[in-house]
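Build out the structure end to end from the sequences listed, making use of the hints.
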Amino acid sequence: MTSLPALASTGEEVHSGMVEDSNSLLRQTQERDGGTWNYGVGSVYVCSYYQHKSRLHRSSVRPGYFADIISSDWKTKGVQSRASAPKAPHGNTAYYDIS
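Each step along the sequence shown adds one to the number in the working numbering, with nothing skipped, and position 52 is 52.
A portion of the hints provided could be inaccurate.
Label-pair restraints from in silico Cβ distances [to be verified]:
#: 1; residue 1: K53; residue 2: P86; range: 29 to 37 Å
#: 2; residue 1: R55; residue 2: P89; range: 29 to 37 Å
#: 3; residue 1: I70; residue 2: S43; range: 16 to 24 Å
#: 4; residue 1: G34; residue 2: H90; range: 25 to 33 Å
#: 5; residue 1: Q30; residue 2: S99; range: 15 to 23 Å
No wet-lab data here; the hints were simulated from the structure. Quick caveat: nothing in here was measured; it's all calculated off a predicted structure. C-beta atoms are modelled at their ideal positions from N, C-alpha and C, and glycine is treated no differently.
Now the structure itself:
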């Protein structure tokens with residue numbers, strides 16, 4: 001898992017994280033980039049939930065290597081963002097972004 005700086009379309013720095021778990025059940029909670037990230041692959045869904053105390057943020061998932069990324073709306077500070085989708089056999093990925 002990494003936290004990588006990237007450029008948003010507005011030109012400001014955005015921090016994000018991702019994790020891929022292909023074939024095992026996984027639930028994790030981590031403090032990341034000033035927020036709390038809950039993510040995992042369950043028996044049915046891949047999910048990503050993120051909450052930040054002071055910045056805009058969102059959660060995203062990709063259910064499989066070739067699937068489209070599904071993202072929550074951007075949420076204000078203190079509000080949890082939530083994204084989930086039915087899991088694929090392989091390549092399930094969870095993300096978060098902060099702006």
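Hint check for P86 and K53 - Cβ pair distance inside 29 to 37 Å: holds (31 Å)
Hint says 15 to 23 Å; check whether the CB-CB distance for Q30 and S99 agrees. holds (19 Å)
Note whether the CB distance of R55 and P89 lies within 29 to 37 Å or breaks it. holds (35 Å)
Just tell me: holds or violated, for the beta carbon distance of G34 and H90 against 25 to 33 Å? This hint holds: roughly 32 Å between Cβ atoms.
How does the Cβ-Cβ distance of I70 and S43 compare with 16 to 24 Å: does it lie in that range? Cβ of I70 to Cβ of S43: about 19 Å, so the range 16 to 24 Å holds.
Violation of the numbered hints given earlier is absent; every hint is satisfied by the structure.
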